[in-house]
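Visitor: In case you want the letters, here they are:
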Amino acid sequence: MKILVPVKRVSDPDNANKIKIPAGGAKIDTTGLEWKPNPFDEYAVEAALRLTENGATPKQRGGEAIVVTFGPPETVTTLRSALATGADRAIRVDSTDEILDGSLVAKSLRALVEKEKPDLVLMGKQAVDGDSNQVGQMLAELLGWPMATFAATIKEEEGSLLVGREVDGGVLTLRVKLPAVVTVDLRIVAPTSVYSKQTAPTFKYNDGVRFAALPAIMSAKKKPLAEVKLTDLAPDASLSIKYVSYEPPPARKAGVKVKSVTELVDKLVNEAKVL
Amino acid sequence: MANVLVVAEFSEGKLKKTTHSAITFAQTVAKGTSGSFSILLIGGGAKAASGELAGFGAAKVLVADDANLANYVAERYAPTVVATAKGGFDVVVTAAGAYGKDLMPRVAAALGAGYATDISSVKADGGKLVYKRPMFAGNAYGYCEITTPVQVVTVRQSEFAPAQPTGGNSPVEAVAVAPAGAGADRVTFVSLDQVKNERPELTEASVVVSGGRALKERFKEVLDPLADVLSAAVGASRAACDAGYAPSDLQVGQTGKVVAPKLYFAIGISGAIQHLAGMKGSKVIVAINKDGEAPIFQVADYGLVADLFQAVPELVSEIKKRKSA
Ligand SMILES: Cc1cc2nc3c(=O)[nH]c(=O)nc-3n(C[C@H](O)[C@H](O)[C@H](O)COP(=O)(O)OP(=O)(O)OC[C@H]3O[C@@H](n4cnc5c(N)ncnc54)[C@H](O)[C@@H]3O)c2cc1C
Ligand SMILES: Nc1ncnc2c1ncn2[C@@H]1O[C@H](COP(=O)(O)O)[C@@H](O)[C@H]1O
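Chain order of the listed sequences is A and B.
Those letters in the first sequence? Residues 301 to 575, per the numbering used here, in order.
Those letters in the second sequence? Residues 184 to 508, per the numbering used here, in order.
Isolated chain A, as found in the complex (with noise of 0.2 Å):
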């Protein structure tokens, strides 16, 4: 299976409570806090190298994965990280996010998956920066693709995907024929989440991502990096969403720390007034 997973980095989302918003409100302010690859997209990295190998013997490749960033140079250090952990090879799809929106980088990725014709597109339900949860959606769209969004489950079948979706109240599932788009959420990287046709059913892996070995981060410095102009891939560059501000979220005022349990019921009852 060839697979295709477009991976954005963010700035640090467990420090996202450290961004400014200079005062006027023009924009967002990260500065400081450090890139790290959009936590859902390293899930979706991590699912393609388990449908793309035997997880019994993971250095023998049974497929290729290869991932897709739009940003600036720099991000070839996201990219090369994906690598790192295994992916096979890697684009980048020069732009900045200020040039970017959901539409525009589905419509892009439109035309890299008509140049690349991989069986699956696989990537995050949502960049964490933005907290759209679009592109994914979008992108099936515009192929005309059936899609499986939020996925916490894929099992690889003849020619199709069983893909367990998790929804508002349970889990839905879907099989979806090849090429086709999925999303994943969370729990895709769960030791028995993803299984592809060679990795035997009892399989277990470890919880979470795999991590690169050295030798590993130096052979690849050695794989291919393909650059792409924005333009060959989406001639009209022009965005459907325009952000005029932004403004940090109300403070909440400091509580008070309660000494016991009758205490605390106290105050529910008698200051909050919520029991």
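Since the hints were made in silico from the structure, they are not lab data.
For every residue, glycine included, the Cβ atom is placed at its ideal position computed from N, Cα and C.
Errors might be hidden in some of the hints.
[Stated by the list, open to error] DSSO-like cross-link-like pairs, simulated, lysine-lysine; straight-line CA separation at most 27 Å:
{"no.": "1", "chain 1": "A", "residue 1": "553", "chain 2": "B", "residue 2": "445"}
{"no.": "2", "chain 1": "A", "residue 1": "542", "chain 2": "B", "residue 2": "306"}
{"no.": "3", "chain 1": "A", "residue 1": "557", "chain 2": "B", "residue 2": "315"}
{"no.": "4", "chain 1": "A", "residue 1": "359", "chain 2": "A", "residue 2": "522"}
{"no.": "5", "chain 1": "B", "residue 1": "379", "chain 2": "A", "residue 2": "573"}
{"no.": "6", "chain 1": "B", "residue 1": "445", "chain 2": "A", "residue 2": "573"}
{"no.": "7", "chain 1": "B", "residue 1": "503", "chain 2": "B", "residue 2": "473"}
{"no.": "8", "chain 1": "B", "residue 1": "306", "chain 2": "A", "residue 2": "557"}
{"no.": "9", "chain 1": "B", "residue 1": "315", "chain 2": "A", "residue 2": "542"}
{"no.": "10", "chain 1": "B", "residue 1": "506", "chain 2": "A", "residue 2": "559"}
{"no.": "11", "chain 1": "A", "residue 1": "567", "chain 2": "A", "residue 2": "302"}
{"no.": "12", "chain 1": "B", "residue 1": "504", "chain 2": "A", "residue 2": "327"}
{"no.": "13", "chain 1": "B", "residue 1": "506", "chain 2": "A", "residue 2": "318"}
{"no.": "14", "chain 1": "A", "residue 1": "318", "chain 2": "B", "residue 2": "473"}
{"no.": "15", "chain 1": "A", "residue 1": "567", "chain 2": "B", "residue 2": "466"}
{"no.": "16", "chain 1": "A", "residue 1": "557", "chain 2": "B", "residue 2": "473"}
{"no.": "17", "chain 1": "B", "residue 1": "315", "chain 2": "A", "residue 2": "553"}
{"no.": "18", "chain 1": "A", "residue 1": "559", "chain 2": "B", "residue 2": "315"}
[Said to hold, decoys possible] Calculated from the model, a selection of chain B residues having no Cβ within reach of chain A, i.e. all distances over 10 Å:
{"no.": "19", "residue": "218"}
{"no.": "20", "residue": "227"}
{"no.": "21", "residue": "228"}
{"no.": "22", "residue": "243"}
{"no.": "23", "residue": "299"}
{"no.": "24", "residue": "300"}
{"no.": "25", "residue": "324"}
{"no.": "26", "residue": "331"}
{"no.": "27", "residue": "347"}
{"no.": "28", "residue": "349"}
{"no.": "29", "residue": "357"}
{"no.": "30", "residue": "365"}
{"no.": "31", "residue": "381"}
Put chain B with the ligands on the given structure of chain A with help from the hints.
Guide: Quick look at chain B with the ligands alone, frame taken from chain A:
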């Protein structure tokens, strides 16, 4: 003047409450722009629910009821939403649950429309609609405009109170089901495994009791009595869901459900920013954690530094005592 199309959520033979939040959005936009709104009810057997939507002031209630739409699959639903939207609508809206987030970006792409998700408020500003939406796990709000002729949005249920009936009797009209879209022949619905839940819906409850990794295998045993005595919904942190202590659909947070109840209990939850993103809008927050330095205390109105396995049963009996007094 904006004409809004509300896409109702209908599943397993029932109209979902999420629909009423989307109606509130539509009423707001219609009023702010001297426009109007209609409601599209779509699904196998949906016709039976059309009466429930007639009293909200919609110009029309449009019904697409067809055996082919028995189970929700985006590729089958989207074409009918798109065809209906092309009948003169400027804004298409649904609530930002799993249904809306799956369906609406597909609809937007088919319409060539810009899309904004998780809208927390809307303002009609000189004929333009400006949407406010959370970003960066709720650490920033962005105000945005969609620049395409048609706009597609999903709204946060926690920010748009369910619409109340306004009286009137909107005409109910059948609409044709559009031919299934490209890709529809390559996707099949296999099953929907619903988690049994006798408690209030997380997103609708006025009290939520959430537990974290600390609860371990005793999640239910410890939290159920508290949820019972408060008639509360039960929520969980990602760590509790990942470990299997709680079902995944109870996850509260940036990438789970967003709740804003009157009273929220965070029990054995550290307060990672991804969790805070889903509950910071609660009116009163109570935290019980044995680590006095846990970040959850920075947002809690009332914090109790204690071992939860002792404190929670004590809390249950204290509340019971006062209730019977
Ligand atoms: C992409 C991404 C998305 C995410 N989305 C979400 C999300 O939507 N929702 C979410 O919740 N998380 C989310 N997370 C995870 C988040 O970062 C935290 O890892 C998670 O919230 C931690 O859960 P926890 O507080 O239960 O566990 P922990 O952080 O392990 O905290 C357990 C707490 O319990 C306390 N404790 C232990 N024993 C006791 C006891 N006996 N009595 C009292 N207290 C005790 C400890 O002091 C500690 O504070 C996401 C992470 C990523 C990377
Ligand atoms: N700039 C980008 N580069 C690569 N992939 C992206 C980019 N923006 C979005 N994506 C992909 O689209 C998914 C959903 O993003 P979003 O719809 O923006 O929340 C992400 O998880 C990525 O896989």
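Visitor: Next step is simple, just say for each hint if it's right about the structure.
Guide: Verification of the hints:
A threshold of 27 Å between alpha carbons decides the hint, and for residue 553 of chain A with residue 445 of chain B the separation of about 16 Å falls inside it, so the pair holds. Restraint check for residue 542 of chain A and residue 306 of chain B: satisfied, since their Cα atoms lie roughly 15 Å apart, inside the 27 Å limit. For the suggested pair residue 557 of chain A and residue 315 of chain B, the alpha carbons sit about 34 Å apart, so the restraint of at most 27 Å is broken. With a CA separation close to 17 Å, the supplied pair residue 359 of chain A and residue 522 of chain A stays within the 27 Å bound.
Between the alpha carbons of residue 379 of chain B and residue 573 of chain A the distance comes to roughly 32 Å, so the proposed pair goes past 27 Å and is violated. At most 27 Å may separate the alpha-carbon atoms for a hinted pair to count; residue 445 of chain B and residue 573 of chain A meet this at roughly 10 Å. Proximity of residue 503 of chain B to residue 473 of chain B is assessed by CA-CA distance (about 24 Å); at most 27 Å being required, the pair is judged to hold. The suggested pairing of residue 306 of chain B with residue 557 of chain A is violated, with an alpha-carbon distance near 39 Å, which exceeds 27 Å.
A hinted pair counts as satisfied when its Cα atoms are at most 27 Å apart, and residue 315 of chain B with residue 542 of chain A qualifies at roughly 12 Å. Proximity of residue 506 of chain B to residue 559 of chain A is assessed by CA-CA distance (about 22 Å); at most 27 Å being required, the pair is judged to hold. Between residue 567 of chain A and residue 302 of chain A the alpha-carbon distance is near 60 Å, which puts this suggested pair outside the 27 Å criterion. Straight-line distance between C-alpha atoms of residue 504 of chain B and residue 327 of chain A comes to about 52 Å, which puts the hinted pair past the 27 Å bound.
Proposed proximity of residue 506 of chain B and residue 318 of chain A is contradicted: the alpha carbons are some 43 Å apart, above 27 Å. For the proposed pair residue 318 of chain A and residue 473 of chain B, the alpha carbon gap of about 26 Å is at most 27 Å, so the pair holds. A threshold of 27 Å between alpha carbons decides the hint, and for residue 567 of chain A with residue 466 of chain B the separation of about 14 Å falls inside it, so the pair holds. Between residue 557 of chain A and residue 473 of chain B the CA atoms are separated by roughly 12 Å; this keeps the pair inside 27 Å, and the hint holds.
Distance check on the hinted pair: residue 315 of chain B and residue 553 of chain A sit about 23 Å apart at the alpha-carbon level, within 27 Å; holds. Using a Cα cut-off of 27 Å, the hinted pair residue 559 of chain A and residue 315 of chain B is violated, with the two alpha carbons roughly 39 Å apart. Listed as outside the interface, residue 218 of chain B is consistent with that label: its C-beta sits roughly 21 Å from the nearest C-beta of chain A, beyond the 10 Å cut-off. Separation of residue 227 of chain B from chain A is adequate, the least Cβ-Cβ distance of about 15 Å exceeding the 10 Å criterion.
Separation of residue 228 of chain B from chain A is adequate, the least Cβ-Cβ distance of about 18 Å exceeding the 10 Å criterion. In this structure residue 243 of chain B is separated from chain A by more than 10 Å, as the shortest Cβ-Cβ distance comes to about 26 Å. Some Cβ of chain A comes within 10 Å of the Cβ of residue 299 of chain B; the nearest lies about 6 Å off, and the non-interface call is violated. Interface exclusion of residue 300 of chain B from chain A breaks down, the closest Cβ pair being 6 Å apart, not more than 10 Å.
A cut-off of 10 Å between C-beta atoms contradicts the statement that residue 324 of chain B is not in contact with chain A; the least separation is 5 Å. A cut-off of 10 Å between C-beta atoms contradicts the statement that residue 331 of chain B is not in contact with chain A; the least separation is 5 Å. With a least CB separation of 23 Å from chain A, residue 347 of chain B remains clear of the 10 Å interface cut-off, as annotated. Chain A leaves residue 349 of chain B outside its interface by the beta-carbon criterion, the shortest separation being 27 Å against a cut-off of 10 Å.
Every beta carbon of chain A lies more than 10 Å from that of residue 357 of chain B, the smallest distance being close to 26 Å; the non-interface claim holds. For residue 365 of chain B, the non-interface assignment is contradicted: its Cβ lies about 3 Å from the closest Cβ of chain A, within the 10 Å cut-off. The beta carbon of residue 381 of chain B sits about 13 Å from the closest Cβ of chain A, which is more than 10 Å, so the claim that it is off the interface holds.
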